[in-house]
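Asks: So you can see what is in the structure, the chains are spelled out below.
There are 2 protein chains.
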Amino acid sequence: MILAEKDLIRRADTKILLFILDGLGGLPHPDAGGKTELEAANTPNLDELAKKSVLGLIIPVAQGVSPGSGPGHMAIFGYDPLKHEVGRGVLESLGVGMELLESDVAARGNFCTLDSEGNIVDRRAGRPPDEEGRRVTEKLAEVIKEIDGVQIILKHVKGHRFVVVFRGEGLSGDVMETDPQQTGVPPLFPIPKNREAERAARVIWKFIQKAQEVLKDEPKLNGILLRGFSRMPYLQPFGDRYKMRGAAIAAYPMYRGVARVIGMDVLGNPETFEEEVELLEKHWDEYDFFFIHFKYTDEAGEDKDFWRKVREIERADSFVPRLMALKPDVFCVTGDHSTPALLGKHSWHPVPFMIYGPYAGPDDCKKFTEREAKHGYYGRIKAVDLMPLLLANAGRTAKYGA
Amino acid sequence: MILAEKDLIRRADTKILLFILDGLGGLPHPDAGGKTELEAANTPNLDELAKKSVLGLIIPVAQGVSPGSGPGHMAIFGYDPLKHEVGRGVLESLGVGMELLESDVAARGNFCTLDSEGNIVDRRAGRPPDEEGRRVTEKLAEVIKEIDGVQIILKHVKGHRFVVVFRGEGLSGDVMETDPQQTGVPPLFPIPKNREAERAARVIWKFIQKAQEVLKDEPKLNGILLRGFSRMPYLQPFGDRYKMRGAAIAAYPMYRGVARVIGMDVLGNPETFEEEVELLEKHWDEYDFFFIHFKYTDEAGEDKDFWRKVREIERADSFVPRLMALKPDVFCVTGDHSTPALLGKHSWHPVPFMIYGPYAGPDDCKKFTEREAKHGYYGRIKAVDLMPLLLANAGRTAKYGA
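Read top to bottom, the protein sequences are chains B and L. For the first sequence, counting from 1, position 125 maps to 125 in our numbering; every step adds exactly one. For the second sequence, counting from 1, position 286 maps to 286 in our numbering; every step adds exactly one.
Derived by calculation from the structure, the hints in this document are not laboratory data. A portion of the hints provided could be inaccurate.
The list treats identical chains as interchangeable, and a pair is accepted whether it falls inside one copy or across any two copies.
For lysine to aspartate or glutamate, the following EDC-like pairs were computed, each having C-alpha atoms within a straight-line distance of at most 20 Å [said to hold, decoys possible]:
1. 216 to 179
2. 52 to 138
3. 52 to 329
4. 374 to 363
5. 35 to 115
6. 52 to 31
7. 83 to 5
8. 367 to 271
Could you build the full structure based on these sequences and the hints that come with them?
Replies: Here it is as structure tokens:
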């Protein structure tokens, strides 16, 4: 991040609004006559904005790399995801509002169903309702408070999902996951990836065994699978780095977690995008930079549901006038990665972005689509180069050299 | 610079002419119906050339970085400005023809007006005429020749501006400027940025005090402000690096300085672009590579004068036939950065470039504008990658590997 390294960032009285549609990018689909999701969608507001903005394509991490949402967002926030790997356990724990110490090891957990021989029957324990998952998490938390001097902190997330934090000295996140990603076999042993991780692996193994003991009479939620073991990385906080007060608005834990890792404020507890927008409007005067997250495009893409993704894009489009009504000095719309419905998963394809602002540049794009963005003035950039462009557009940079 | 690192540069009997229009890139302007300066200008010669050339856009330093003219030019000459920072004092001193030793510390100076309490009344001493600035510089030079074993060398530049070189051992350029950038306060102390710079700071401070003593009876030019303290960086000389005899033709000190830093010959003392072109014609047979500089586009941009910038572009265009008449094997037109009249300052926006030559490439651009250059064959490149393209186009490179 050259602007930060060379001390070229300045404060200014401008506001930046970053609207991320998760998994935005798509691929031509035969059911839509070869159109992508963005092309098939009716998006009058985004297209109107495109005419006044400068477009381009971002390469999320590197050519050919399909990023997870963590690296995808880190990059957009200007933190190189190849240098700063943040574990899923950390992201999810922060996302559900847990405070993490530097020495903590955090992990994501699934309740699973084991048969009498200890083999996995269902990796998601029949997708229990929230109340059920919460009840069993609390049952575990009540009994297992400490192992070998390491404090065990549990928190339910949703359905069969929970997070667990191992708090103690001398722990490492270099432990392999215990989910074999298949049924008919027992959970895996948490193998330490190096000598330093032996203590953590032992504690984790004891925790898993104790948990199975505590849950042995549960009909469905009688085992656990852990993954994403990780510790908090040190990252220069967003406010220090960019000299902006930054706020994140996201309904999903993961994205709230990413924001917390980089030290952004995370606003409220929205459950829908409508609630996210309300939060944005409510807190508009309090921050310089807002990240607002729209998850539903990614979900539809992952479900291979082309037309649902189209509808979600159209729904996102319908909120654009409300976002623009706040009069951000710089408004940027993009995605953290592509999730083409044709593929049904995250992909490596460049993602369109557009920057609206008084000095965005000479452009002639008419719509906000992948094919139009190819011709955008900013061309293809790395996702980590988006923040410098947003800062420059917002008049928040100084000249480099004489 | 891979061509140099891999020893792939060869001599050849070809000539390269690089025409830099300072601050060339622009932004759509409401007064011109959304056209940029280049689009609004009537440039038959550049457009004719564009049809036979290959276009592209250069990113001067990095995305979102607005470069000074020093880094902007260094990059175009293939020297990474992020690795080689060259101070303004050095550039300006070299630019006015001073020879610098490696151990010298150079600075830019302004005469200012101080009131009886020593507070700054006018940071530019009422913009005195050249004669006045020269007279006072000479008065200083006559009295202050040495401080603590350090030789003081002064030279007048223009109006209220001069340069000072501190020649002695153990000096560092890591000293903060003394210009507070405001009136009503006294000049700042030249604070050393580290222990190594203490000696330099002390000498500089004594120099400032002596100067005020010498100038105390001057009505207007009775104080000095110093900035851009710097030492010569070591850079591989242009001739060694590129195996070409390179010459620079520029009227302004700064650009002459940049050329000297990288060891190019600086021709004559032109005062106008017309004189620059005459020098070029006169010395055409003596060099392999010429850099000719057109300053006036940047000045108009900085003054927010859209139509003057348009006219300056048109004036530059009118010289193109004379430049082409010299029959350069490779002719390149570009800018060191953008200076959109809309912004009134250097900006981060990519700058169009075009390369004319028999092997430039397949292209279909019809005009030399930002929007056309988007579609150019060379796409978007970093400014430091321009020289390799010029060398290759001039048949001055060898194949890499078998």
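Asks: Hints first: check each against the structure and report whether it holds.
Replies: Now the hints, each set against the structure:
1. 216 to 179: Result: close within a single copy only, 19 Å intra versus 76 Å inter.
2. 52 to 138: Cα proximity of residue 52 and residue 138: none, with 53 Å in one copy and 55 Å across.
3. 52 to 329: This pair counts as within: shortest intra-copy Cα distance 13 Å, inter-copy 40 Å.
4. 374 to 363: both (11 Å within a copy, 9 Å between copies)
5. 35 to 115: neither (47 Å within a copy, 71 Å between copies)
6. 52 to 31: between (31 Å within a copy, 16 Å between copies)
7. 83 to 5: For residue 83 and residue 5, both the intra-copy (15 Å) and inter-copy (12 Å) Cα distances are at most 20 Å.
8. 367 to 271: neither (30 Å within a copy, 48 Å between copies)
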